[in-house]
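Trainee: Spelled out, the chains give:
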Amino acid sequence: MKLPQNKYFACRHLSVSRRDLADIKAFEIAHPETGAGLERYLKYQALFDEHSGVMRTYLVRLKRTGECVGYFSLKAGLVSVNEERASNGITFDTVPGVELANFAVNNAFAQKHNAKGLGYLLFSGLIAPFVLEHAKTLGIYMIYLFALPYERLMKTYESYGFHRLPRKAEEQLHQRLKPAYDESCIFMYQLLHEMRHG
Amino acid sequence: MRKQAKPIRYGKPCMTNLPPELGRMIIDAIRNPPPFDRTKLERECARAERRLNQIIAEIDRNEAAAK
Numbered sequence: 004m005k006l007p008q009n010k011y012f013a014c015r016h017l018s019v020s021r022r023d024l025a026d027i028k029a030f031e032i033a034h035p036e037t038g039a040g041l042e043r044y045l046k047y048q049a050l051f052d053e054h055s056g057v058m059r060t061y062l063v064r065l066k067r068t069g070e071c072v073g074y075f076s077l078k079a080g081l082v083s084v085n086e087e088r089a090s091n092g093i094t095f096d097t098v099p100g101v102e103l104a105n106f107a108v109n110n111a112f113a114q115k116h117n118a119k120g121l122g123y124l125l126f127s128g129l130i131a132p133f134v135l136e137h138a139k140t141l142g143i144y145m146i147y148l149f150a151l152p153y154e155r156l157m158k159t160y161e162s163y164g165f166h167r168l169p170r171k172a173e174e175q176l177h178q179r180l181k182p183a184y185d186e187s188c189i190f191m192y193q194l195l196h197e198m199r200h201g
Numbered sequence: 020m021r022k023q024a025k026p027i028r029y030g031k032p033c034m035t036n037l038p039p040e041l042g043r044m045i046i047d048a049i050r051n052p053p054p055f056d057r058t059k060l061e062r063e064c065a066r067a068e069r070r071l072n073q074i075i076a077e078i079d080r081n082e083a084a085a086k
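Each protein sequence line maps, in turn, to chains A and B.
With the numbering used here applied, the first sequence covers 4 to 201.
With the numbering used here applied, the second sequence covers 20 to 86.
These are computed hints drawn from the structure, not numbers from a lab.
A couple of the hints might just be wrong.
[Stated by the list, open to error] So the derived label-pair ranges between C-beta atoms look like this:
no.	chain 1	residue 1	chain 2	residue 2	range
1	B	Q73	A	P99	34 to 44 Å
2	B	E77	A	P99	25 to 35 Å
3	B	D56	A	T140	23 to 33 Å
[Said to hold, decoys possible] Here are the computed lysine to aspartate or glutamate pairs in the EDC-like style, where the Cα-Cα straight-line distance is at most 20 Å:
no.	chain 1	residue 1	chain 2	residue 2
4	A	K10	A	E70
5	A	K119	A	E70
6	A	K139	A	E173
7	A	K66	B	D79
8	B	K59	A	E102
9	A	K66	B	E82
[As the list claims (entries may be wrong)] Where chain B lies over chain A, by a calculated footprint (3+ residues, C-beta under 8 Å):
no.	stretch
10	31-39
11	43-57
12	102-108
13	164-172
Predicted, not measured: the structure shown is a model, and the values here were computed from it.
Think of the CB as a built atom: it goes at the ideal place given N, C-alpha and C, for glycine as much as any other residue.
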């Protein structure tokens, strides 16, 4: 499977190379008041998860200079729905998806070059095509995430094409699906066929 | 005499004790998302691309000047 890349950016799995470690150390979040967890994850947890296989984290670099522009993490997931009592117990359907578990632009790069809107470009130019590529070989119905409950952040994800569920469906899904570390976060999703027709 | 293990009781709703109509509500909501206007996404991507092109051109100019 080819790693994601386009005209501007190339990605590679997080590693313990000197360069990756230096870039991880220098990585900065634009809004620490809301995104501190993303910086902490990259600096203190991402390598462990990469080694154990529970997450795949990619550093995104500008091809021209090799500077670190951002990072994102993907993992396989599913949503279970339609529980019904049958004669032999409980039956349910599953909706398969990919979780965009972490996604952040390196503010050190953005500030240095006065570059705005990089998140849009990384999502639509790298992450979305990469997930669509994987959907050729295994069932993926949606890409989803658990967004921190900040208006500005959720509006940004909405402009990437993510949706919230109606309130009651959202409450019920949170009760059964949300991991402990995403306790206050909001489930948002985008169907792959929406990404294809975009 | 060996004590029998107590049955596990789940206090919170979980996969086994939610009524089916809630599961159906979630799947219907997931399968029928609201329409998405890509205009802003495309505009922001175009802006970011223009800026990246300027950054790369500037780097090329600086490198050529340094030679």
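Trainee: Determine for every hint whether it applies to the structure shown.
Mentor: Now for the hints, and whether the structure bears them out:
no.: 1; hint: B:Q73 / A:P99: 34 to 44 Å; in the structure: holds, 41 Å
no.: 2; hint: B:E77 / A:P99: 25 to 35 Å; in the structure: violated, 44 Å
no.: 3; hint: B:D56 / A:T140: 23 to 33 Å; in the structure: holds, 31 Å
no.: 4; hint: A:K10 / A:E70; in the structure: holds, 15 Å
no.: 5; hint: A:K119 / A:E70; in the structure: holds, 16 Å
no.: 6; hint: A:K139 / A:E173; in the structure: violated, 29 Å
no.: 7; hint: A:K66 / B:D79; in the structure: holds, 13 Å
no.: 8; hint: B:K59 / A:E102; in the structure: violated, 23 Å
no.: 9; hint: A:K66 / B:E82; in the structure: holds, 16 Å
no.: 10; hint: 31-39; in the structure: violated (count 0)
no.: 11; hint: 43-57; in the structure: violated (count 0)
no.: 12; hint: 102-108; in the structure: violated (count 0)
no.: 13; hint: 164-172; in the structure: holds (count 6)
In terms of the numbered hints stated before, the structure departs from hints 2, 6, 8, 10, 11 and 12, listed from lowest to highest.
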